[in-house]
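Could you build the full structure based on these sequences and the hints that come with them?
Residue numbers (the working numbering), protein chains in the order written: chain A, 1 to 266; chain B, 1 to 251.
These are computed hints drawn from the structure, not numbers from a lab.
Where hints are given, some of them may not hold.
[Unchecked claim] Mimicking BS3-like on lysine-lysine, the simulated pairs with C-alpha atoms at most 25 Å apart in a straight line are:
1. 4(B) / 28(B)
2. 4(B) / 164(B)
3. 133(B) / 190(B)
4. 164(A) / 87(B)
5. 79(B) / 164(A)
6. 190(B) / 166(B)
7. 28(B) / 238(B)
8. 164(A) / 4(B)
9. 190(B) / 139(B)
[Said to hold, decoys possible] Quick look at which bits of chain A chain B covers, simulated, 3 or more residues with Cβ under 8 Å:
10. 82 to 95
11. 156 to 168
[Claimed, not checked] Which chain B residues stay away from chain A? Per the calculated CB distances, all over 10 Å, these:
12. 7
13. 20
14. 29
15. 46
16. 64
17. 65
18. 93
19. 99
20. 119
21. 141
22. 163
23. 179
24. 242
25. 243
No residue lacks a Cβ here, since even glycine has one placed at the ideal position from N, Cα and C.
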Amino acid sequence: MKTSIYQFCKRNHLFDISAYLVLMVGGVLFLLKGAEDQGYYWQWFRIPKFLYEFDDGRFIAGPILEGLKITLNITWISLILTYIIGLVTALMRLSNSLLARGIARVYLEIARNTPLLVQIFFMYFVVAPILNIDRFVAGVLALSLFEGAYASEIYRAGIVAVNKGQWEASYTLGLSTYQEYRYIILPQAIRRILPPLTSQAISLIKDSSLVSVIAIYEMTMYANEIASETFLVFEIFFTIAAIYLALALILSRGVAYFENRYRVVS
Amino acid sequence: MSTKQFGDYIIRVDSIDKTFDNGVVALKNFSTNIRRSEVMVVIGPSGSGKSTFLRCLNGLEEIDSGSITIDGIPLDNDKKNRLEIRKEVGMVFQHFNLFPHLTVLRNISLAQMLVRKRSRSEAEDEAMQLLKKVGISDKVECFPSQLSGGQQQRVAIARALAMKPKVMMFDEATSALDPEMIGEVLEVMKDLAVEGMTMVVVTHEMGFAREVSDWVIFMEDGMKVEEGTAEHFFTDPKKDRTKLFLSQILE
Ligand SMILES: Nc1ncnc2c1ncn2[C@@H]1O[C@H](COP(=O)(O)OP(=O)(O)OP(=O)(O)O)[C@@H](O)[C@H]1O
Ligand SMILES: [Mg+2]
Numbered sequence: 001m002k003t004s005i006y007q008f009c010k011r012n013h014l015f016d017i018s019a020y021l022v023l024m025v026g027g028v029l030f031l032l033k034g035a036e037d038q039g040y041y042w043q044w045f046r047i048p049k050f051l052y053e054f055d056d057g058r059f060i061a062g063p064i065l066e067g068l069k070i071t072l073n074i075t076w077i078s079l080i081l082t083y084i085i086g087l088v089t090a091l092m093r094l095s096n097s098l099l100a101r102g103i104a105r106v107y108l109e110i111a112r113n114t115p116l117l118v119q120i121f122f123m124y125f126v127v128a129p130i131l132n133i134d135r136f137v138a139g140v141l142a143l144s145l146f147e148g149a150y151a152s153e154i155y156r157a158g159i160v161a162v163n164k165g166q167w168e169a170s171y172t173l174g175l176s177t178y179q180e181y182r183y184i185i186l187p188q189a190i191r192r193i194l195p196p197l198t199s200q201a202i203s204l205i206k207d208s209s210l211v212s213v214i215a216i217y218e219m220t221m222y223a224n225e226i227a228s229e230t231f232l233v234f235e236i237f238f239t240i241a242a243i244y245l246a247l248a249l250i251l252s253r254g255v256a257y258f259e260n261r262y263r264v265v266s
Numbered sequence: 001m002s003t004k005q006f007g008d009y010i011i012r013v014d015s016i017d018k019t020f021d022n023g024v025v026a027l028k029n030f031s032t033n034i035r036r037s038e039v040m041v042v043i044g045p046s047g048s049g050k051s052t053f054l055r056c057l058n059g060l061e062e063i064d065s066g067s068i069t070i071d072g073i074p075l076d077n078d079k080k081n082r083l084e085i086r087k088e089v090g091m092v093f094q095h096f097n098l099f100p101h102l103t104v105l106r107n108i109s110l111a112q113m114l115v116r117k118r119s120r121s122e123a124e125d126e127a128m129q130l131l132k133k134v135g136i137s138d139k140v141e142c143f144p145s146q147l148s149g150g151q152q153q154r155v156a157i158a159r160a161l162a163m164k165p166k167v168m169m170f171d172e173a174t175s176a177l178d179p180e181m182i183g184e185v186l187e188v189m190k191d192l193a194v195e196g197m198t199m200v201v202v203t204h205e206m207g208f209a210r211e212v213s214d215w216v217i218f219m220e221d222g223m224k225v226e227e228g229t230a231e232h233f234f235t236d237p238k239k240d241r242t243k244l245f246l247s248q249i250l251e
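Given below as structure tokens:
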């Protein structure tokens, strides 16, 4: 009996899909029920104006879309910094210099073993005043340093996976360390590195919501503010959750594309 | 063989020692000198230190003590000396180690451009000539994975030769090849020897050793057990250990 259900599930996608739908509908009903029990009064019609308005037929972005713009800005700037920090850290960890390896280690331990929230506060309250940087820069730096630690692990894994013989052949031909990385090692490592690095963009989008704690007006910050002013808590957070989800799904399609592409090449 | 003219000593190895981090002693008080245009064949059982010896010669492995001098340049901590030696000593590996993401042409021209600072057209002309010499001019735009083992190894030899090295080292260059491809690679090596290239060759191909080598070293446990001309080795070896090894490998 048990095996037959198992086999049935394996064979039948329809079962998977229906199980999925039942769960999803169940989840939504549960939330609605919870809202109803609290006597929640749904006012979805008030939501669109926080997204956009038309003034004389002219499109005006509402606070949520304004926030989305900031979220996207934080994300792409942090993403570029993350990639650079990750690569530099990976190269430092793999270098012959004891000092470089030591610095990389300390940075990685701190970045990976303290909460991101604490890192953001630290950057804003401690580092920002010293370096005289504004909250946006502080937020972006904190995010990039946090994600950079994970990116460096991705780079490192990709680099050490390249056959040792490639280093030896390059060495005997007289290539410098820079030339070895640039022409021989990184072009071979990139196939393994690119897909997981693209996934990091998704983490960044999600984690960018945390910089709202230092009053950067990105999407979550606006949502929080609107919710406390209007009490449209469910509607607002459903809305921004849907936006985050949509962004993540678009990106994960992109990742899948890269994975396919690079699998074919190898 | 006897008609060959040798020059001065181009490689001087003076009592080198090498112990790996895990405590394995790979070379013990090893000395030898190699003359210009000489072909030295190194034989010995597995783990006797043959590869380690070659790898020390171009600095792929660090020696613990002793000294190595290549064409007057000491292999020391000076980066410029080391680079000079890397340029002058070509190496061919058992597993070819071609660059899989580059075409055959690019495999051979890249280091010429980066290290010897030749222009792309000079480098590619040189590559074409060498490919002709090793007999695979029709595979220029192929990637290594599209070639047979024998072809890959010949490309690897061309790649090393493109740097115009003064010494060529071969570490079991035919050991990973299917039997029918061994001949074509040995042929290229023979041609090189005839042209007067200085060569240090680790091989299990006793036919090649006998025919081409000027000097044979038999190693065991990181030490030289016996050395001499090919004729001495294959007709009248002195040590029992050498006789045993040769009888095992020749049967
Ligand atoms: N990187 C390394 N780390 C530790 N030990 C090593 C290393 N390379 C070689 N050895 C050890 O050093 C000894 C000599 O090795 P080497 O590769 O020079 O032998 P070989 O004569 O080339 O053998 P083979 O015929 O199997 O290639 C062996 O015992 C080997 O296990
Ligand atoms: Mg070996």
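Evaluated hints:
| no. | hint | result |
| --- | --- | --- |
| 1 | 4(B) / 28(B) | violated (32 Å) |
| 2 | 4(B) / 164(B) | holds (21 Å) |
| 3 | 133(B) / 190(B) | holds (12 Å) |
| 4 | 164(A) / 87(B) | holds (20 Å) |
| 5 | 79(B) / 164(A) | holds (22 Å) |
| 6 | 190(B) / 166(B) | holds (16 Å) |
| 7 | 28(B) / 238(B) | holds (21 Å) |
| 8 | 164(A) / 4(B) | violated (38 Å) |
| 9 | 190(B) / 139(B) | holds (22 Å) |
| 10 | 82 to 95 | violated (count 0) |
| 11 | 156 to 168 | holds (count 4) |
| 12 | 7 | holds (23 Å) |
| 13 | 20 | holds (15 Å) |
| 14 | 29 | holds (26 Å) |
| 15 | 46 | holds (19 Å) |
| 16 | 64 | holds (18 Å) |
| 17 | 65 | holds (21 Å) |
| 18 | 93 | violated (6 Å) |
| 19 | 99 | violated (6 Å) |
| 20 | 119 | holds (17 Å) |
| 21 | 141 | holds (17 Å) |
| 22 | 163 | violated (6 Å) |
| 23 | 179 | holds (23 Å) |
| 24 | 242 | holds (30 Å) |
| 25 | 243 | holds (35 Å) |
The structure fails hints 1, 8, 10, 18, 19, 22 (numbered hints given earlier, in ascending order).
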